[in-house]
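> First to last, the sequence lines map onto chains W and Z. The first sequence begins at 186 in our numbering and counts up by one. The second sequence begins at 186 in our numbering and counts up by one.
Any given hint might turn out to be false.
One copy or any two copies: either way a pair holds, since identical chains are not told apart in the list.
[What the hints assert, rightly or not] List of simulated lysine-lysine pairs, DSSO-like, C-alpha gap at most 27 Å:
(1) Lys227 to Lys473
(2) Lys506 to Lys288
(3) Lys288 to Lys469
(4) Lys506 to Lys469
(5) Lys288 to Lys227
(6) Lys227 to Lys506
It should be emphasised that the hints constitute simulated quantities derived from the structure, not laboratory data.
Protein chains: 2
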Amino acid sequence: MTGFTFRIAATDGAARTGEITTPRGAVRTPAFMPVGTAGTVKAITMDRVRALGADIILGNTYHLMLRPGAERLAALGGLHAFANWPGPILTDSGGFQVMSLAKLREIDEDGVTFQSHLDGSRHRLTPERSLEIQALIGSDIRMQLDECIALPAGPGEVERAMRLSLTWAERSRRAFAGGEAALFGIVQGGDVAALRVACAEALAAIGFDGYAIGGLAVGEPQATMLAMIEASAPALPPDRPRYLMGVGTPDDVVQAVARGIDMFDCVLPTRGGRHGVAYTRFGKLNLKNARHADDPRPLDEASDCPAARDYQRAYLHHLVKSGEMLGAMLLTEVNLAYYQSLMAGLRAAIAAGRLADFIAEVREGWARGDIAPRK
Amino acid sequence: MTGFTFRIAATDGAARTGEITTPRGAVRTPAFMPVGTAGTVKAITMDRVRALGADIILGNTYHLMLRPGAERLAALGGLHAFANWPGPILTDSGGFQVMSLAKLREIDEDGVTFQSHLDGSRHRLTPERSLEIQALIGSDIRMQLDECIALPAGPGEVERAMRLSLTWAERSRRAFAGGEAALFGIVQGGDVAALRVACAEALAAIGFDGYAIGGLAVGEPQATMLAMIEASAPALPPDRPRYLMGVGTPDDVVQAVARGIDMFDCVLPTRGGRHGVAYTRFGKLNLKNARHADDPRPLDEASDCPAARDYQRAYLHHLVKSGEMLGAMLLTEVNLAYYQSLMAGLRAAIAAGRLADFIAEVREGWARGDIAPRK
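My request is simple: use the sequences and hints to build the entire structure.
So, in structure tokens, the structure goes:
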């Protein structure tokens, strides 16, 4: 594999800041990857995704293989050309959505067979086919197929799924054609620290370009998630990026960065934006709430984001209540801007050796909460 | 009334090009006004509406009086502040949507009582209340309340509605507080040329800042619409702007400009954009069509509009088929860009005295049709 590097510029405790380079551009870490589900970060143009601070986006292999289809996507020049995003793209393996969205899935040692949630058509994913699809999509960072189980689960079930995922990790490593793309392995092991450590060590022995921690943020308490990061991260090669899959709230992100995580993806800012939810320096708020109906003040007058700074709360409330697309568009901007500004703040704080102070400051803002309703 | 002027810079046959000035900015004519229904031009930000060439937008009094409500809007600083559009705004009277959307409407000599299509609440519009609401909205150009009937209708019914609208025109003129806003009268008279002429002359005798032609594009043939314009326009004061309400297709617009119309509004570009329809130099096309599924070419590689120039047809097809908001967002941009470029072309052609040639050229493009499907 050429063209993929990771350089740590500074550390602060377990936290690191640095840069991943790919042939399609650099990714400042810790990085938040907006979720580009089916070839679009929902309700926003890629120009704006970039302008708000994203260096890399995530694409969902499950969605893309079903529509428009991996072979079609390859014929169209791959996802970068299709979605008009020239920068780095990470694709997941498809496994998570097979478990959460597909119908009639049957898992075996070799892979998983499932029916599309769109039209019921039958499909099969194996570690090898997942990587083949990701190569057709043309992503820059590719993930091994794994089995992600729901928590809570018995320790026997957790270990079985972890062992299967490790087998698939080995097959993925062998099947990976490489070129200029990178391949990440995924640490599984549920909420059992010893299994997480064993999995991380086994993956490190196989050797990947980066390592993800999967199977978290699936309903377990935050403390469990953080304990699993604390178990896994030290067992992973320190010079390789660590990616916490599907996480999370702003506080989850901050806590995970402090424990050595370099990459994140999550639908919260974009999904929230389509449901009236805004994330700001002062926490999470819901624009559907009638308290905003007569309030001409913006969400955050000090924000650099026009959507947060230049629009009345009353207007955002009106758009959300009226089901107007512009409400989703503006709140998606607000939320992605906030997440990216949080990442920029984390990077600067780690570089300056003041991460603990920065975390205390952002938590103070969240604790203050939103401005009081207008008299 | 101060602050509202209309200057004709050049004519070509019956067509005119010039400029309306309002205290909130100038409007180059002939002008196309994107429809800002309920305080938002659907699926696009006002920054983009402006960037694509709009000098003025339209707001719907019916929608705004129901939600967020006229008094609330006034308390929030009016529609300009609410919707973040600092430029000129024209509001309709509310009458058209009362007829087309409201439930249980009852019209009498004094006004119209109706139930909201949103929650069934009862409301009343009179010529005076419509202007009061438009003043609360704070629009720059306001319309008299009129009765717009469906066509075909008997000549007796057409005349009755026209006479009632004229009575309401007189009441509107008396009730109009003015300030720096302008008031337009509306020519009715259905498809009866003599009634159109009589109405136009009566309105001119009352005296308005501008004159609209209403009650067209309601299902009648284009030839009927053009005949009604040809009857009405010469009976209106030549030094005042003429606004053809709710029109129309690109060809309707071109034909009406050639007959002396200065202003237009229509939902076709925005509504079409939300339903997979694109307007380009080569006519109208539907992105839902499977012919686009494997086509990497843009809608119009020579367009100035990024949405038309930089995105694969296959991608737009995928977005539309997948119900992704970005499909509506991009096609709304494509369509508003095309309409505004058409208006710019009409203005330049009139100024250069080559309107007939320009019209022949645009019609040649439409007749050529979209590019052939890819082999």
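> A separate judgement is required for each hint: does it hold in the structure or not?
Hint check results:
1. Lys227 to Lys473: both (20 Å within a copy, 19 Å between copies)
2. Lys506 to Lys288: Only across copies: Lys506 and Lys288 sit 21 Å apart there, 33 Å inside one copy, limit 27 Å.
3. Lys288 to Lys469: neither (33 Å within a copy, 39 Å between copies)
4. Lys506 to Lys469: within (18 Å within a copy, 33 Å between copies)
5. Lys288 to Lys227: within (24 Å within a copy, 35 Å between copies)
6. Lys227 to Lys506: both (19 Å within a copy, 14 Å between copies)
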